[in-house]
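**Student:** What follows is the residue order along each chain.
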Amino acid sequence: DQQVKQNSPSLSVQEGRISILNCDYTNSMFDYFLWYKKYPAEGPTFLISISSIKDKNEDGRFTVFLNKSAKHLSLHIVPSQPGDSAVYFCAARSNFGNEKLTFGTGTRLTIIP
Amino acid sequence: NAGVMQNPRHLVRRRGQEARLRCSPMKGHSHVYWYRQLPEEGLKFMVYLQKENIIDESGMPKERFSAEFPKEGPSILRIQQVVRGDSAAYFCASSAYKQSNEKLFFGSGTQLSVL
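Which chain is which? The protein sequence lines are U and X, in order.
Note that this note's numbering numbers the first sequence so that position 23 is 50, with each residue one more than the last.
Note that this note's numbering numbers the second sequence so that position 69 is 76, with each residue one more than the last.
One should not assume that every hint holds.
Calculated cross-link-like contacts (lysine-lysine; reagent style DSSO-like; alpha-carbon spacing at most 30 Å) [stated by the list, open to error]:
no. : chain 1 : residue 1 : chain 2 : residue 2
1   : U       : Lys64     : X       : Lys51
2   : U       : Lys98     : X       : Lys51
3   : X       : Lys58     : U       : Lys64
4   : U       : Lys32     : X       : Lys69
Just so you know, these hints were derived from the structure itself, not from any lab.
This structure is a prediction, so every number in the text was calculated from the model and none was measured.
Construct the complete structure from the given sequences, taking the supplied hints into account.
**Tutor:** Here is the structure:
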């Protein structure tokens, strides 16, 4: 039972354009959402997060949008840069799930110069 | 300025052998988490430990897998009698506080291959 879903395994975007990565979840107990970025042969690194009491959080080129009614969140990267090429994981946490994160399967983003 | 250190980076075992994966958290971190990534899947939570205590092991298979985080030394994830299905990347993460996922730092992982 995949509670966090990233339905696009890969995405290619031209440098300078906007990258939009999508994530859907099924567990209504999730109240905190995060995006992690992962380069090959490295561990994931935290990128940006959003609490369920908000619908938008922005940090520089990265913005995360949360639509609670649709159980959907998205990560926008603008403008996209070659260094953004990586695998992006969406993750969610429940207040009742101790500290553990539930991850999606990831989206491989390739920025085309 | 060491981050989360995992070793070995790559581990090859034959079926039936034991695998020991080590994780040294960042200095000052007392919370350790183990995640497993199977091919083509996301990271899946296995276990959450604090020093000398297992806090949540709900993601650990009931048999053959164990984890510890002793008072001194690294956290160890131990897999006995490995099978091919155990082949995966095992990531350790550490944090200084509870509920601090933004401050959760991951190691580079151990890639376990079972022949």
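**Student:** A separate judgement is required for each hint: does it hold in the structure or not?
**Tutor:** Here is what the structure says about each hint:
1. U:Lys64 / X:Lys51: 16 Å, holds
2. U:Lys98 / X:Lys51: Given pair Lys98 (chain U), Lys51 (chain X) holds - Cα atoms ~20 Å apart, limit 30 Å.
3. X:Lys58 / U:Lys64: With Cα atoms ~28 Å apart, Lys58 (chain X) and Lys64 (chain U) stay inside 30 Å; holds.
4. U:Lys32 / X:Lys69: With a Cα-Cα distance of about 26 Å, the restraint between Lys32 (chain U) and Lys69 (chain X) holds, given a limit of 30 Å.
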